[in-house]
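Colleague: Construct all of the structure, not just a fragment, from the sequences and the given hints.
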Amino acid sequence: MMSEATIRRLSVLALLALATLFPGVRAASQENPFGAPQTPAVPPTTAADEKMRPGAEKTPPEQEEKDPFVRAVLNLTPTTPTEWIQDAKTLMDLKRPELARTYFKAFLDLQLDQSALAAVHNRFGSALFLRLTNQPDLQPEGLAAANAVMEAADQENRREDRLTALVDGLGGDPQSAAYRAAVAELVRAGAPAVPFMIVSLADPAAEPRHPGLRAALTTMGEVADRPLAAALESGDARLRVEILRILGRRKSRQAVPRMLVLAIAPGEDEAVRAAAQQALQETLGGVPSADVATRFLQRQFDEFLAGRLPGAVDGAGNIEEWAWDAPQGRPAVRALPAADAVFEATARAARHVHTIAPEKVEYRRWFLATALELAKRNVGYDRPLSSEADSIVQQAVAAGPDELEELLAWCLDKRLLGAAIATIEILGKVGSSQLLESADGKPRMLTSALRSPHARVRFAAARSIVGFDPQRSYPGCSYLPEVLGHFSVSSGSRRVLVGDPRAERARTLAGLFTQLGFSVVTTVGGRQVVLEAFNSPDICFALVGDAIEAPRLQELVQILRRDARTADLPIGVLFREENGEQVKQFAASDPLTIPFAYPQDAADVAADTKQLLMAAGRRELSMDERTYHATFALDTLARFAEMSDKYGFYDVLRQEPQMLQALGNSPLAAKAARVLGLLGSPNAQQSLVEYAGLQARALADRQAAAEAFKVAVARRGLLLTSAELSRQIQRQQASETLDQASQQILASIMDTIKAPPRKKTSALDER
1 MMSEATIRRL
11 SVLALLALAT
21 LFPGVRAASQ
31 ENPFGAPQTP
41 AVPPTTAADE
51 KMRPGAEKTP
61 PEQEEKDPFV
71 RAVLNLTPTT
81 PTEWIQDAKT
91 LMDLKRPELA
101 RTYFKAFLDL
111 QLDQSALAAV
121 HNRFGSALFL
131 RLTNQPDLQP
141 EGLAAANAVM
151 EAADQENRRE
161 DRLTALVDGL
171 GGDPQSAAYR
181 AAVAELVRAG
191 APAVPFMIVS
201 LADPAAEPRH
211 PGLRAALTTM
221 GEVADRPLAA
231 ALESGDARLR
241 VEILRILGRR
251 KSRQAVPRML
261 VLAIAPGEDE
271 AVRAAAQQAL
281 QETLGGVPSA
291 DVATRFLQRQ
301 FDEFLAGRLP
311 GAVDGAGNIE
321 EWAWDAPQGR
331 PAVRALPAAD
341 AVFEATARAA
351 RHVHTIAPEK
361 VEYRRWFLAT
371 ALELAKRNVG
381 YDRPLSSEAD
391 SIVQQAVAAG
401 PDELEELLAW
411 CLDKRLLGAA
421 IATIEILGKV
431 GSSQLLESAD
441 GKPRMLTSAL
451 RSPHARVRFA
461 AARSIVGFDP
471 QRSYPGCSYL
481 PEVLGHFSVS
491 SGSRRVLVGD
501 PRAERARTLA
511 GLFTQLGFSV
521 VTTVGGRQVV
531 LEAFNSPDIC
541 FALVGDAIEA
551 PRLQELVQIL
561 RRDARTADLP
571 IGVLFREENG
581 EQVKQFAASD
591 PLTIPFAYPQ
601 DAADVAADTK
611 QLLMAAGRRE
621 LSMDERTYHA
631 TFALDTLARF
641 AEMSDKYGFY
651 DVLRQEPQML
661 QALGNSPLAA
671 KAARVLGLLG
681 SPNAQQSLVE
691 YAGLQARALA
701 DRQAAAEAFK
711 VAVARRGLLL
721 TSAELSRQIQ
731 RQQASETLDQ
741 ASQQILASIM
751 DTIKAPPRKK
761 TSALDER
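If you read the sequence shown in our numbering, its first letter stands for residue 1, the second for the next number, and so on.
Wrong hints could be hidden among the right ones.
[To be verified] Taking lysine-lysine and the PhoX-like style, the derived pairs with C-alpha atoms no more than 20 Å apart in a straight line are:
{"#": "1", "residue 1": "K442", "residue 2": "K429"}
{"#": "2", "residue 1": "K584", "residue 2": "K610"}
{"#": "3", "residue 1": "K89", "residue 2": "K105"}
{"#": "4", "residue 1": "K105", "residue 2": "K66"}
{"#": "5", "residue 1": "K95", "residue 2": "K66"}
For the record, the hints were derived by calculation from the structure and aren't laboratory data.
Modeller: Next comes the structure, spelled out in structure tokens:
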């Protein structure tokens, strides 16, 4: 039996429903009190009741609510979460959002648990809460209430114990209310329920539940198509037949690409093939030929490669991607950034068309490229793929060096950086120096990769070529020492380049970036920006003011984009208010050039940094990786310099400026000193003795410099000027106050200087 309060509430709500349907009645009631609908009697309220009544603080006595319909709602006393939302909705319908907001706030103050919030969602459905998110005059309380309810409903829908119980409920009498309720609840749960239903459908012991599962999966909305299509990747032929029958009854076009593969591809299970053909017959009205199917899948591949979205993008910029989870035996969903979801769809289309026509070289190239790219993204661009663990690596190896070289060219053209790196690494294992030789005098593909704008591609190419150990010149061989020289100057740090003609502002920005853990280089002119960007492999991104000169902003960006060392460098353009539109228009065509208003505080700088690093994406190198690149580069250059008779076709001496730079700012100063010692040039000798005498430098590095100087003199003779010799003598004479280790270093240098002249032993002596 309903309570008096419930009867009164229902009466008021019925009256208000009529008022919203017939707004003229409400208007008349406010103009003519004698014609107003009579509000049901309400018990007198106490002062405490009045204080707690939502909206009371909004309607002081001198401004008593005039609208009797609104007054009727305010005189109700919500006692349940559903009543709070119902009354708030009624106030919304009565065009009183400012009062509705107080009800939403009171609802939030209840601090309901997940199940209670989900029950509210079940009572009102999604439409009301979506409305709350889009109505500005209900904010922020409306959005907060909507988010709380919808997130709880989503989590409740995904609760494994609940979904498992619903699936288990299908084992009873199909005519029972419990059975019908379980089917209805599974249909309402939508996509999150599908994996649990598929697990049960795959279980022969769960046969009594299968009719209910088929019925629920067949009548679900489109949300079930993608997880069902993903289940076609299962290795269980019986399950695939079941899924195909369901998809055929659903006439699911979402699953057509997978149906085509199962219906046409060679080597498929005959029962699966027959079920796929029947599903296509029900969905399309016929089974396409292999030629028609490959053209369809090729068009899909081209569209996804060009950026077509495979699904709806959510508020966080993600797309749900369903895939078969073999260990769990069910489809699983991931929220992927839109760009990653697009590539997953591209790779899937490539796999489908290759499976149907495996003999076609072009389709095999698409498949290998996209599969290698996915494999690299999974392990990280900085980690090699294992030929034992990755079947795709074995398939790539089987393709042979010639086809891999063509694959590399395609990957670089399509900017599939992970696939390009993987292909280079595989070539490094299966190829030889023959991959560097050219009949027409033009660099081969692997050598050309040394000019890639992506640092990891350049490094992978350098490491593979060094591994081939060529013994003679080849087209483009000068690229290798250039790349090694560039890597060698890394300090292992993350640096930001700030260019602004207003030096004070540049220094302020530098201080803010330092707080974020970056090293900062500041410049005031365009030319200095270019030189710093070219000469440092550690620059994570650049920030350039729109007033930069010599060169000006647009020309400066173009110069950086044309050089392999900076072509992929994210550039933030700081604009003044009057130049905002012009800068935004200029940057619109380049995803790595991002316009920003001048940051005002650390929070602005942090936000700008996040956006620039997101633009860099997988291109960003860790500090450990930068150090590893520099170590490899210095060791390789040292080997080339030491064995100049064997590697004379590599002009290591041209990298002397980089070695001098590495000596001065690198944690690998000892390795740089060794290269300089092996070069032994006048500049190298002078820099080594100067460095060895710097008390601020690490003792081990100074000792390495002194030893390298000894090597330099032994290889090329003493090449210091008389002024430099005098300075060294003065240094040693003044060393009595220094520590013993420093005295020994200076004494070692003097011993080297006084040593008798040596005979020429190096090809460098001829230069």
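Colleague: If you draw a straight line from the CA of K584 to the CA of K610, is it 20 Å or shorter?
Modeller: Since the Cα atoms of K584 and K610 sit roughly 19 Å apart, the hinted pair holds (cutoff 20 Å).
Colleague: Within a Cα-Cα threshold of 20 Å, do K95 and K66 meet the stated pairing?
Modeller: Holds, at roughly 14 Å.
Colleague: Within 20 Å, alpha carbon to alpha carbon, are K105 and K66?
Modeller: Violated, at roughly 23 Å.
Colleague: Compare the distance between the alpha carbons of K442 and K429 with 20 Å, and conclude whether the hinted pair is satisfied.
Modeller: violated, 23 Å
Colleague: For the pair we were handed, K89 and K105, check the Cα-Cα distance against 20 Å.
Modeller: With a Cα-Cα distance of about 13 Å, the restraint between K89 and K105 holds, given a limit of 20 Å.
The earlier numbered hints that this structure contradicts are 1, 4.
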